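Trainee: Read top to bottom, the protein sequences are chains D and V.
Going by numbering that gives the first Met the number 0, the residue at position 82 of the first sequence is 81; the numbering climbs one at a time, nothing skipped.
Going by numbering that gives the first Met the number 0, the residue at position 124 of the second sequence is 123; the numbering climbs one at a time, nothing skipped.
Worth flagging that the hints you see were computed from the coordinates, not collected in a lab.
All values derive from a computational prediction rather than experimental measurement.
There's no promise every hint is true.
[Said to hold, decoys possible] Just some of the chain V residues that point at chain D, by a computed CB distance under 10 Å: (1) 11; (2) 15; (3) 70; (4) 74; (5) 82; (6) 95; (7) 104; (8) 113; (9) 121.
[Stated by the list, open to error] Far from chain D, by Cβ distances over 12 Å, these chain V residues were calculated: (10) 8; (11) 16; (12) 18; (13) 68; (14) 89.
The beta carbon of each residue, even a glycine, is placed where N, CA and C say it ideally should be.
Residue-level listing of the chains:
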Amino acid sequence: MSTEVEVAGVGMHPFGRFPESSLKDLARVAVVRALDDAGLGIKDVEAVYAANGMAGLLQGQEQVRGQSVLREVGIERVPVVNVDNACAGGSTALRLAAQAIALGEVEIALVVGFEKMFVDDLDRSLAALETAADLDLIGGLGLQFTAIYAMRLRRILDAGLLEHRHLVEVTVKSHRNGALNPYAQHRKPVSAAEVVAARPIADPLTLLMCSSMSDGAAAIVLARGGRVERPERIRIRASASTSGFSRLDDDEPSIGTICAERAYARAGLGPADVDVAEIHDAMAPAELLYYEQLGFCEPGGAGELFDSGATAIEGRLPVNPSGGLSSRGHPVGATGVAQVVELTWQLRGSAGERQAKEPRIALAQNSGGWYEGESAACNVHILERTTAWS
Amino acid sequence: MELSSAAERQNFTARPRYDATAGVLIGSECADCGARSWPGRGICNRCGSPRLEQVALAPAGSLQTYTTVHVARPGLAAPYLLGQVRLDDGVRVHAHLRGLAADAHVPLRVRLAFAADLETVPPFHFEPE
Ligand SMILES: [Zn+2]
Numbered sequence: 000m001s002t003e004v005e006v007a008g009v010g011m012h013p014f015g016r017f018p019e020s021s022l023k024d025l026a027r028v029a030v031v032r033a034l035d036d037a038g039l040g041i042k043d044v045e046a047v048y049a050a051n052g053m054a055g056l057l058q059g060q061e062q063v064r065g066q067s068v069l070r071e072v073g074i075e076r077v078p079v080v081n082v083d084n085a086c087a088g089g090s091t092a093l094r095l096a097a098q099a100i101a102l103g104e105v106e107i108a109l110v111v112g113f114e115k116m117f118v119d120d121l122d123r124s125l126a127a128l129e130t131a132a133d134l135d136l137i138g139g140l141g142l143q144f145t146a147i148y149a150m151r152l153r154r155i156l157d158a159g160l161l162e163h164r165h166l167v168e169v170t171v172k173s174h175r176n177g178a179l180n181p182y183a184q185h186r187k188p189v190s191a192a193e194v195v196a197a198r199p200i201a202d203p204l205t206l207l208m209c210s211s212m213s214d215g216a217a218a219i220v221l222a223r224g225g226r227v228e229r230p231e232r233i234r235i236r237a238s239a240s241t242s243g244f245s246r247l248d249d250d251e252p253s254i255g256t257i258c259a260e261r262a263y264a265r266a267g268l269g270p271a272d273v274d275v276a277e278i279h280d281a282m283a284p285a286e287l288l289y290y291e292q293l294g295f296c297e298p299g300g301a302g303e304l305f306d307s308g309a310t311a312i313e314g315r316l317p318v319n320p321s322g323g324l325s326s327r328g329h330p331v332g333a334t335g336v337a338q339v340v341e342l343t344w345q346l347r348g349s350a351g352e353r354q355a356k357e358p359r360i361a362l363a364q365n366s367g368g369w370y371e372g373e374s375a376a377c378n379v380h381i382l383e384r385t386t387a388w389s
Numbered sequence: 000m001e002l003s004s005a006a007e008r009q010n011f012t013a014r015p016r017y018d019a020t021a022g023v024l025i026g027s028e029c030a031d032c033g034a035r036s037w038p039g040r041g042i043c044n045r046c047g048s049p050r051l052e053q054v055a056l057a058p059a060g061s062l063q064t065y066t067t068v069h070v071a072r073p074g075l076a077a078p079y080l081l082g083q084v085r086l087d088d089g090v091r092v093h094a095h096l097r098g099l100a101a102d103a104h105v106p107l108r109v110r111l112a113f114a115a116d117l118e119t120v121p122p123f124h125f126e127p128e
């Protein structure tokens, strides 16, 4: 990018079930915390990128969601861009904000993702989630995200490239990490036996492997390099985005692989340079699929990489130290923002009990929607701590 | 052929998506690169050509993966079976499955079948050959 873009501040409202809090309340907490973290006020914000997936269907606020929700925190006059890209909305908003700064149009941009999925009617929430695909293709199928991930995993299990125990054990890891995260929705470690015995959702997935409905918000203040003084400086080293396509040939690289390769090329880095990653495990075992797509292992090597312990918090490449989507929670529009909030804490060294060892390069991968078997959207961001670890 | 010809194409909702009598799905085929698609498109997604023709797609293919869904949805009692099929002419279709053995292992040959009542949504599914 032409101008350096730095993460000046981050903040979150915890993810979970908050019947007393509206979207305005969730967003207020995240925005105030991010601005406070940056040492800035609301009137320093020059542009806003607001991500949300389902407020139209679930709260009836179909249009001007950002302006309406952020009225609560006194945002007005500045440009507000409302972003939907299903579960990848948060990272799409982040990317647009980074571009605005890189262009030199603004020096301070606010990225905020907010979602309220608990509406006391599970069918309504599930129906809203199902709109993350072309309705002309999926009408009447009952194609839920749980089924989409279940199908991706079944194929690999039947090909003998993963064992069922991997799905279980990576879920145990997710919950172990989530238990260390005060912002996570699911904060209880689970045993392998509990994962196996949990209610079946879509074979081979059980309830404990899946992310659940969630309320929450996350915010990031981005700034032109050097604009905000901080003890540790973190910049966005690369941002890449792709959308879904029909794979006519199963040997074609997936959207995730294509997006990651673009991000690595832009960063001048490779997968071996990544020190910590937050990836889109809407179902905990999906983490294993993305190891391969992000180049963390060779094709077919996900089980071996997991078994080596490398992706545990104490390993050489901690993946989803936050607990990921499946344990931190997955309030759709907030997820992509929350991934980068977590990575910022990791790069600063302020992640507490779930801190990775002195990471310098961090990768976030956020996917959204469904497009004929692939994701409809995928974004990969690579962050760099430019301050030396002392 | 000029791209602008695609602006004159029959409306999406007016195009047939299947022919239940013939037992096939109807899609599009690109006269330039051969790519097929279901439902048919207005412009080829692979090469950008507007020279698309309506074609009957292969009625059978390989079930690449499937899942048994245990969460009911309005109009869909649980459990129900969803699958991803690669038709013999290369088109990937997602649909309900019937008649699959409980321990079915993929890949598996499947064939398209239609409901007796075509008002059923969706009106077709796949079954083992
Ligand atoms: Zn073509």
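Trainee: Each hint should be assessed against the structure and marked as holding or not.
Mentor: Hints, one by one, checked against the model:
Because the beta carbon of residue 11 (chain V) sits about 7 Å from the nearest beta carbon in chain D, less than 10 Å, this interface hint is met. Interface hint at residue 15 (chain V): violated, since its Cβ lies 13 Å from the closest Cβ of chain D, which is beyond the 10 Å cut-off. Restraint check, residue 70 (chain V) versus chain D: the minimum CB separation of about 6 Å is within 10 Å; hint holds. Residue-level restraint check for residue 74 (chain V) holds (minimum Cβ-Cβ distance to chain D is 7 Å; threshold 10 Å).
Because the beta carbon of residue 82 (chain V) sits about 7 Å from the nearest beta carbon in chain D, less than 10 Å, this interface hint is met. The beta carbon of residue 95 (chain V) is positioned within 10 Å of a beta carbon in chain D (closest approach about 7 Å), and the interface hint is therefore held. Interface hint at residue 104 (chain V): satisfied, since its Cβ lies 5 Å from the closest Cβ of chain D, which is below the 10 Å cut-off. For residue 113 (chain V), the suggested interface contact is broken, since its CB lies about 14 Å from the closest CB of chain D, more than 10 Å.
Hint status for residue 121 (chain V) relative to chain D: holds, with the closest Cβ pair at about 5 Å, below 10 Å. Non-interface status of residue 8 (chain V) relative to chain D is upheld: no Cβ of that chain comes within 12 Å, the nearest being about 15 Å off. The Cβ of residue 16 (chain V) does not lie farther than 12 Å from every Cβ of chain D; its closest approach is about 9 Å, which violates its non-interface assignment. Every CB of chain D lies more than 12 Å from the CB of residue 18 (chain V), the least distance being 18 Å, so the non-interface label holds.
With a cut of 12 Å on Cβ distances, residue 68 (chain V) falls inside the contact zone with chain D, its closest approach being about 5 Å. Against chain D, the non-interface label of residue 89 (chain V) is violated: not every CB pair exceeds 12 Å, the least being about 5 Å.
Against the hints set out earlier in the document, violations occur for numbers 2, 8, 11, 13, 14.
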